[in-house]
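Residue numbers (the working numbering), protein chains in the order written: chain A, 1 to 338; chain B, 1 to 292.
To be clear about the criterion: a stretch of chain A counts as covered by chain B if any three or more of its residues have a C-beta under 8 angstroms from a C-beta of chain B, and this derived list gives those stretches: (1) 29–37; (2) 181–190; (3) 308–317.
A few chain A residues that don't get close to chain B, going by computed Cβ distances all over 12 angstroms: (4) Phe-162; (5) Lys-275; (6) Cys-279; (7) Phe-326.
Think of the hints as simulated: they come from the structure by calculation, not from any bench.
Owing to the predicted nature of the structure, the values given are computational and were not obtained by experimental measurement.
Just so you know, even glycine gets a beta-carbon here, dropped at the ideal spot from N, CA and C.
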Amino acid sequence: MQKIKKRSLKWIFWLLVLAAAVLGAAAFALSVGSAGIPFGKVFRILFEGQKGIERSIIWDIRMPRLLLGFAIGGALSLAGVILQGMFRNPLVEPYTLGISGGAAVGVSLNILFGLHRIGVLTMPFSGFLGACLVILLLYGLNMKRRVLSLQGLLLTGVMINFIASSLIMLILALSRRESLQGIIFWIMGSLDEPNAFLTRLALGASVLFLVATYFFHSDLNALALGEEEALHLGVPVERTKRLLFLITSLLIGVSVAVSGMIGFVGLVVPHFMKKMVGCDHRILLAASFLAGGAFLVFCDTLARTVIAPMELPVGVITGILGGSLFVFVLMRDNGEGR
Amino acid sequence: MRQSLAVKIPFFCFVMVLQVFCLPLKAEEGGQTPLPQKGALSQRIVSLSPVLTEELFLLGVGDSVVGRTRYCTKPAETDKIEVVGNLTEINVEKIVSLRPDLVLVIPLTDPRAKQKLRSLGIRVEEFPEAADFRGICDSFLRLAGMVHKEKAAADLIEKAKREVSRIRQETGSRQPPAVFIEVGADPLVTMVKGSYFHDLIEFSGGVNIAAEAVHQLYSREKVLAKDPDIIIIVSMGFDGEEEKRIWQGYPGLKAVRQGKIILVDSDLFCAPTPVSFVHALQGVEKILHAEN
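My request is simple: use the sequences and hints to build the entire structure.
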């Protein structure tokens, strides 16, 4: 009993720390920018009904970007945690399964054929369609005698990613200069989404899926021991695998369709959180979600301020910052172990 | 304990989902800049194209330009104007903070940024890259309409057209040299019919050997087969001297024998306003009809 109480306290401590990190990142994101609004004024504007250009900058430009960053960061980290737990492979990340490749091909085709002129929503829609096609393909290819083969899923996923990147290369070779620009913009990934509906959708979907994964927290803990062990513990392994695969694929599909490819969040954040809070999925899921959200918001704010008024692709920051931080922590731990 | 936590966390999340959909994602009405009427005179302009910036100065409304790209460096007065990005990446927040009533964009501008600016109620006008001399004039007139300088624009265009027809008449009677114009190396890129480079050559009494090519990509083989009298290298982001040396490796070419491989400054060619077009045309005329 004492042990359980201690553990709960530790979990609550981590949740509070991460919530503080999210708030800190949000405050940072809201208060810096090229418009040069003073720090104190930002919060006055945020809560008071003052009209004017500064209010518009904070509410219409910085806020949607902050919310989308939180949603996408959370979604990618959550997907990363689930996939790493399910495959019992620390190298799996949201983009390994080829779903992002499918989305990228969908969007590239859209741009090549000029469908995006019909309406702005066709872009994320075609991305999501591409993602769904890959999901169906993966599912169909690896479902044999009502058993979803995880090894097969991984291999076909990697292959689909290769095929997708070749297809994108082909599309790039065929397209005109303006289209080229559009495709490359999309592939680089950006959280600057002009459509408020898409921001809401991404945020709603990611939080909803977080809730949904909580129905599987104990199954995930059991699966971490191995499929056979989980079966002996009474986990309906096949059903769980299928549902988790669907949940993560949809999470990835939505995030990639809305914001393009933002690498590294889904790989590094779950690893970090495992080191910090431990491998129990009851806390790991929520912790990764919050940490991923805070991390991406922070990186995106850096990306848009480092070389202002120009912007860096956010993937540059997530890669450099996340990667080097991770290597640093890994080296330090190795040093301690010796 | 375990059960209660498993219940509490999802409940907490549900509350969060509810909140997400209740969040106001837009500032209330009146917090936005009012949408100016079409045809209203624009006083604060952000120009995201070097050509348009230069043209605004030509029209005498340079002081209403409040934002530019890094590459808008002509005329010199532009260095006092705030930079809001480069050609493709622009900073929406910076633009909004400048309170523009007109933002001029090009097809290369980030589509998301264009959409965002429009959704904030800012007038955004896109100017496709002008293909030829006629396109340059049309685009110039359209821009002039937005700043109510139609008269000034018409005068400038009239002057440019007079100069163009003078040069055409003067050079029309001479023997037309065959010209190959190179604007990109590795792969070799040229300019075909319907581009202002093509117009520059034809108007100054030359023949563009790539006029009928379908694609701007050209091969060295074809250049050797057509054997032009003059090769003009407009170095845009590649080493023009190196290219010149490569061409000199083909002594069979007429242009090589006559020493007619000419490097030109890309600045002269790459800002297609009616004024700079005439300027470039005078330059090309000199190149094409220089006495040996």
